[in-house]
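Engineer: Spelled out, the chains give:
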Amino acid sequence: MPDRPNCIDGPLFRRLVEAGARCVEANADAINALNVFPVPDGDTGINMSLTLRTAIDERVPASGTVAEISQAIARGALLGARGNSGVILSQFLKGFAGALSHCAECDGSDLRRAFAAAANAGYQAVGKPVEGTMLTVMSAAAEGAQPVEGPPSSVLRAALDAAERALARTPEQLPVLAEAGVVDAGGQGIVAFLAGAVAELEDSEPRLRIDTPARAASAEVVSEAFLAHTADEMYGYCTQFVILGDVLDLDRIRGEVMAIAGSTVVVGDDQVVRVHAHAEDPGPLLSLGLRRGTLDQINIANMDAQHVEFMLRHGYVAGERVEIAVVAVAPGAGLERLFLDQGAAITVPGGQTMNPSAADLADATARANAEHVILLPNNSNVIMAANQAAELAECACVVIPSCSVPEGISALLAFNPELDSKTNATNMTSALGQVRSGEVTTAVRSAIIDGVAIAEGQAVALLDGRLACACETPSEALVGMLTGVGLSNGALVTLYYGASRSAGDAEADAHALRTRWPEVEVEVYEGNQPYYHYLVSVE
Amino acid sequence: MAVRIVTDSTSSIPADIAQALDITVVPLTVFFGDEALLDGVDISSDAFFERLVASPVLPRTSQPSVAQFAEVYAKHAADGHEIVSIHISDKLSGTLNSARAAAGDTGTRVEIIDTEGASFWVALVAMAAARAAHEGKSADEVAAVARKAVGQMRVYFVVDTLEYLQKGGRIGKAQALLGGLLSIKPLLRVHEGEVHPYGKVRTRPKALQRLHELVREGGPYQEIAVLHGTSPEDAAALATDLGDLTPSPVLVASVGAVIGVYTGPGVIGVATRRAD
Chain A
631 MPDRPNCIDG PLFRRLVEAG ARCVEANADA INALNVFPVP DGDTGINMSL
681 TLRTAIDERV PASGTVAEIS QAIARGALLG ARGNSGVILS QFLKGFAGAL
731 SHCAECDGSD LRRAFAAAAN AGYQAVGKPV EGTMLTVMSA AAEGAQPVEG
781 PPSSVLRAAL DAAERALART PEQLPVLAEA GVVDAGGQGI VAFLAGAVAE
831 LEDSEPRLRI DTPARAASAE VVSEAFLAHT ADEMYGYCTQ FVILGDVLDL
881 DRIRGEVMAI AGSTVVVGDD QVVRVHAHAE DPGPLLSLGL RRGTLDQINI
931 ANMDAQHVEF MLRHGYVAGE RVEIAVVAVA PGAGLERLFL DQGAAITVPG
981 GQTMNPSAAD LADATARANA EHVILLPNNS NVIMAANQAA ELAECACVVI
1031 PSCSVPEGIS ALLAFNPELD SKTNATNMTS ALGQVRSGEV TTAVRSAIID
1081 GVAIAEGQAV ALLDGRLACA CETPSEALVG MLTGVGLSNG ALVTLYYGAS
1131 RSAGDAEADA HALRTRWPEV EVEVYEGNQP YYHYLVSVE
Chain B
10 MAVRIVTDST SSIPADIAQA LDITVVPLTV FFGDEALLDG VDISSDAFFE
60 RLVASPVLPR TSQPSVAQFA EVYAKHAADG HEIVSIHISD KLSGTLNSAR
110 AAAGDTGTRV EIIDTEGASF WVALVAMAAA RAAHEGKSAD EVAAVARKAV
160 GQMRVYFVVD TLEYLQKGGR IGKAQALLGG LLSIKPLLRV HEGEVHPYGK
210 VRTRPKALQR LHELVREGGP YQEIAVLHGT SPEDAAALAT DLGDLTPSPV
260 LVASVGAVIG VYTGPGVIGV ATRRAD
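Protein chains in written order, with our numbering: chain A, 631 to 1169; chain B, 10 to 285.
The reader is advised that the hints may include incorrect statements.
For lysine-lysine, the following DSBU-like pairs were computed, each having C-alpha atoms within a straight-line distance of at most 30 Å [what the hints assert, rightly or not]:
1) B/Lys100 - B/Lys84
2) B/Lys84 - B/Lys182
3) A/Lys1052 - B/Lys157
4) B/Lys182 - B/Lys157
5) B/Lys182 - A/Lys1052
6) B/Lys157 - B/Lys84
No lab work stands behind these hints: they were computed from the structure.
Put together the whole structure using the sequences plus the hints.
Structural biologist: Right under this line is the structure:
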């Protein structure tokens, strides 16, 4: 039996959080697989582990009091929060740290208080708390910890046990989970985090069983998401590529990449490693990859050029502060162009499967160099991070809760730089509801949703976030979804085609729609978004 | 001695209203090639838009001559009247210059008002002034009424395309909306005497809805006028929807030939004069 301390000091606290983060990261794929819709979307496991990764970065001191270290971790988490699950997690950590703000070390009773404060902070972060989610699991952990009179290890163990029991009950609380045959992904993330910390304290291996639905074997969908652009630097080259080999050493490659580039994400296994990094010179990065294996899917974007092009287009004078500016999240080069074209000052790459962090968004608001910034998250899983960014931002920042790209475009069209930010916020918010948003993508696993059987690999269409139909081809899914809309004469359908479709594919699909609905206008724009064959607006 | 109101044909003021309120309308001229037509005299709004759509070249316009104004002013002067002359923004037309030049030699008092607006904005100001004149107010008082009305005016309008404003050189700050990747219907307003962008929508039904919302937000009003190119049905429907925002009947009128050269046929807009 290892030594179980009666008190946790600063360095041990840090080790526990690190161990929790490692456990979340190790189980990220499995947590991702617990999504309700079998489509590529804001992956909970990735979002939580990326949030934790920034929580425990170099800004956290190696030594210090529990108060100092927990505060530093909470600050990092608030900045790094990605996706709604990451934001809620960061609020837990903030609440936890708040309760320990006077502690040089913490004992069992301090921990009990911190758990209660963390659960409370989580509930406060969510506008309309829903039970059966990670909030419920965290709240159960806090309740489980309360009656324990004992050392930190007993408190943590009780919290974990209660969290696991609550997690198992989440499908009873949320019918969508029961139908999808999964437990809540965010709740699973909390359990993984606690399991990692408990194992560290007990000097054992984390014991975790995650029952995931059958999922496509291809690592593509999961790993690509790790390539979430991090838009924290507008300069240099955004360099992405895949290394293929037989015995790749992931950790070693990660270390090498981090040594020569910033904003690095390196993920994969011993055969496929995906690299995303920002560097002044992409050459050494590619050479490094070539030394380890063969290269594939090389994509290099000049962020300087993007920046300069933007500045020129919009007549910006370097350093000149503007009164009001829009920052928009856009999941693809074509969509970025459209948002800039319609008057957004800055775009942040991100969307489904690549949720930007609160810090990415806060940095973009700073770059907009405006007195007032209006943020368009354009994805329901980015809204909370945008709200967090608005709080972090130094300028006055308003979030217009756009849940989709079509809603974001609609809101941006209502923007008028001559008007004040309050009037703009009102106009833009009321524009959100004037458009319906559709998506066509490919199912990443088989599932039954709302009684509709979906086979892995089928094209699925969603309308306003709900499953519309599953068909063999994207073209059929598009027609199926629009049939359900009930198009009126004079309606406008706009197709933003993704990276998987060619301009010719999109035109052919548009032609079919015009033939079927002669009274409806159909417009086609290049979106370049990943995974989603089409983003569709109907108005 | 009384006060007489003079305006120009860019006010889009319907003939029956001008006649009833004793407002003299000085026409601008629209040219199809070499053919010169007096706005509202030689060519009606409907006839103009028919020709506009069919014409291979864009028609040109010209402001009234000094002589046109001098003739009108001289007649009122001969009858022993003073004049308040109410016109389109001088950033949009040279009409005011002609009026000013003519005013110098009239032998009576001519008060010139730059309404900083166009179309029914000008008409609503002229109508307010005409009513004051009918009540027997002095030229100073009538001019004050007109200037106060100018401060109460708003106009929002939507065009199908910015092409006409651009080719006609009247696009003003709406320049910013040109050349976009996304097809849009620009929502515009006249502000500080120029055309400014106000917003963008993607379809005409939304444009109409947006106009409605914008007008509704700013109410109540003394008067509302809906103006259009070739969309009397849309205009009538909008007028009905806005009827509760003003005690007066909502006016509906077509914009006329000269304004039509710059807006194109698809224009629809709402001019309002807010309550005191």
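Engineer: Evaluate each hint against the coordinates.
Structural biologist: Results of checking the hints against the structure:
1. The suggested pairing of B/Lys100 with B/Lys84 holds, with an alpha-carbon distance near 28 Å, which does not exceed 30 Å.
2. Under the criterion of a C-alpha separation no larger than 30 Å, the hint pairing B/Lys84 with B/Lys182 is inconsistent with the structure, at around 39 Å.
3. The hinted pair formed by A/Lys1052 and B/Lys157 meets the criterion: a straight-line CA distance of about 28 Å does not exceed 30 Å.
4. This hinted pair checks out: B/Lys182 and B/Lys157 have alpha carbons roughly 25 Å apart, not beyond 30 Å.
5. Between B/Lys182 and A/Lys1052 the CA atoms are separated by roughly 22 Å; this keeps the pair inside 30 Å, and the hint holds.
6. For the hint pairing B/Lys157 with B/Lys84, the CA-to-CA distance comes to about 27 Å; that is within 30 Å, so the pair holds.
Hint compliance for this structure: hint 2 alone is broken.
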